[in-house]
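S.K.: Sequence:
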Amino acid sequence: MGVLDGLEPQRVFHYFEEISRIPHGSGNVKQISDYLKKFAADRGLECIQDELFNIIIIKEATTGYEQEEPYILQGHMDMVVVSAPDCDIDMTKDPLRLCVENGRIHAQGTSLGGDDGIAVAYALALLEADNISHPRLEVILTVDEETGMEGAKGIDLSMLRGKRLINLDQEEEGVVITSCAGGARVDVSIPLQEDKAEEAAQQSATGQDRQLLQVKITGLLGGHSGIEINKGRGNANCLLGRILKGMSERFTIGLVTMHGGLADNAIPREAEATISVDITCSEAAIAYAQEEAGRIKQELGDKDPAFAVSCNAVNQQEILGGKEGSEAGREMKPHDAASTMQALTCLCNLPNGVIAMSRDLEGLVQTSLNLGVATLEQGALKLSYAVRSSVDEDREALCRQMQEIARETGAVAEVRNTYTGWAYRTESPLRDIIVGIYVEMYGKKPVLEAIHAGVECGILASKIPNLDCVSIGPDMADVHTAQESLDIASVQRMWEYLQAVLAHKC
Numbered sequence: 000m001g002v003l004d005g006l007e008p009q010r011v012f013h014y015f016e017e018i019s020r021i022p023h024g025s026g027n028v029k030q031i032s033d034y035l036k037k038f039a040a041d042r043g044l045e046c047i048q049d050e051l052f053n054i055i056i057i058k059e060a061t062t063g064y065e066q067e068e069p070y071i072l073q074g075h076m077d078m079v080v081v082s083a084p085d086c087d088i089d090m091t092k093d094p095l096r097l098c099v100e101n102g103r104i105h106a107q108g109t110s111l112g113g114d115d116g117i118a119v120a121y122a123l124a125l126l127e128a129d130n131i132s133h134p135r136l137e138v139i140l141t142v143d144e145e146t147g148m149e150g151a152k153g154i155d156l157s158m159l160r161g162k163r164l165i166n167l168d169q170e171e172e173g174v175v176i177t178s179c180a181g182g183a184r185v186d187v188s189i190p191l192q193e194d195k196a197e198e199a200a201q202q203s204a205t206g207q208d209r210q211l212l213q214v215k216i217t218g219l220l221g222g223h224s225g226i227e228i229n230k231g232r233g234n235a236n237c238l239l240g241r242i243l244k245g246m247s248e249r250f251t252i253g254l255v256t257m258h259g260g261l262a263d264n265a266i267p268r269e270a271e272a273t274i275s276v277d278i279t280c281s282e283a284a285i286a287y288a289q290e291e292a293g294r295i296k297q298e299l300g301d302k303d304p305a306f307a308v309s310c311n312a313v314n315q316q317e318i319l320g321g322k323e324g325s326e327a328g329r330e331m332k333p334h335d336a337a338s339t340m341q342a343l344t345c346l347c348n349l350p351n352g353v354i355a356m357s358r359d360l361e362g363l364v365q366t367s368l369n370l371g372v373a374t375l376e377q378g379a380l381k382l383s384y385a386v387r388s389s390v391d392e393d394r395e396a397l398c399r400q401m402q403e404i405a406r407e408t409g410a411v412a413e414v415r416n417t418y419t420g421w422a423y424r425t426e427s428p429l430r431d432i433i434v435g436i437y438v439e440m441y442g443k444k445p446v447l448e449a450i451h452a453g454v455e456c457g458i459l460a461s462k463i464p465n466l467d468c469v470s471i472g473p474d475m476a477d478v479h480t481a482q483e484s485l486d487i488a489s490v491q492r493m494w495e496y497l498q499a500v501l502a503h504k505c
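With numbering that gives the first Met the number 0 applied, the sequence shown covers 0 to 505.
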């Protein structure tokens, strides 16, 4: 018996639970793609699976709807995988542990994948149903949307007939998305140098003249870098960099380890680093870290009330966590003070957060970036950013600025996975249908909104001339975090609304 059995709409939640049993983080999509392909084959539906594992499933019109214009329904099958620190789930292999509480669905200790598993569930329930009226349905389920929309970029849509597309990747019921930002990923690599004298390096890690300190940032709310970027929430990677930069200006320190964040489009909640410092300065360094933490906590205020910093003396075994041999030795060698200072300067000089607000739409973020992942590996501090802008020229300028800042500190910034935004259409027959039916069902107009987060409509519209798009979906909260949840009643209402839209005859 499934956790979601008995919830309405039954078949939607049946399929949502089915796909929750299949690991489907970005880059790990073959298994869920094969599941979707088999779903179509079992029901005699036309299905195309491309080399990227994108899926297109086609279902012909029901009786009386053969002359209606087809609908394209679209979502993505990958999810952002985020887990709480104490969670024992391997999200590359294990199923999610779904829970129902207070009218919402969440997953124990991990992100839920409502973004965009609910789109997949809606699509499958529609494709299997024999009692729902609709024109020809062309369902597009893309891969790796969360890591640069690579599936949408690579998919071939030449076989489709539809010119109107309903994207099901919206996270607020009653809000119809009509345009969105474009974006890019920027990877920064900052070289670090080990102590030149091997003996000194070994002594720094294990001897009596140096002390290892571990600095941890915890308790931040995090969130989706497109939706929550304007809420003033702390970025664990940036705050850790700020504390370490301040320490490097006061004491001679060497970076030993550093890591924070799980995805470049998720605001990181936690980050930690290990540094080597002269043992005579260790207490003063700890005191400085706590003082700076107090200043940050005051700045964040109620925007991130649970923010906390710990800074403690540790030994090598505590940091390694059981690793042995050459790997352990390589990881524990501290980097010299000069390159440590250089790396932290680069991190702190690179911008983060909201860069510009729209002059045309009040409250809309126009340009932003998020330092989602920071790791120290292979002799370099590596930073991964999600850059977003509704103005392509502003996005390009910001990426160039990042490359210039990186060059000034001997680092390299590589721009990849660039994608265009989705422009607002003055005339949209599909939008008129969507609004009209909403008014009929609920007695009020939905909110029409441009968003700073990215959806795939812009990329898909570049492949289908004159494509008319909207984006809708049920209520979700805390997307891209371990607190993510999906509103059950909202899923039901959106299901009824979607059926009414498909049944409408022009």
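Hints were generated in silico from the structure; no laboratory data involved.
Small disclaimer: the values here were computed from a predicted structure and weren't measured.
There could be a bad hint or two in this list.
Calculated cross-link-like contacts (lysine-lysine; reagent style DSBU-like; alpha-carbon spacing at most 35 Å) [stated by the list, open to error]:
#: 1; residue 1: Lys296; residue 2: Lys215
#: 2; residue 1: Lys162; residue 2: Lys504
#: 3; residue 1: Lys244; residue 2: Lys302
S.K.: Now look at each hint and say whether the structure bears it out.
M.R.: Hint check:
no.	hint	in the structure
1	Lys296 to Lys215	14 Å, holds
2	Lys162 to Lys504	15 Å, holds
3	Lys244 to Lys302	24 Å, holds
In summary, this structure violates none of the numbered hints.
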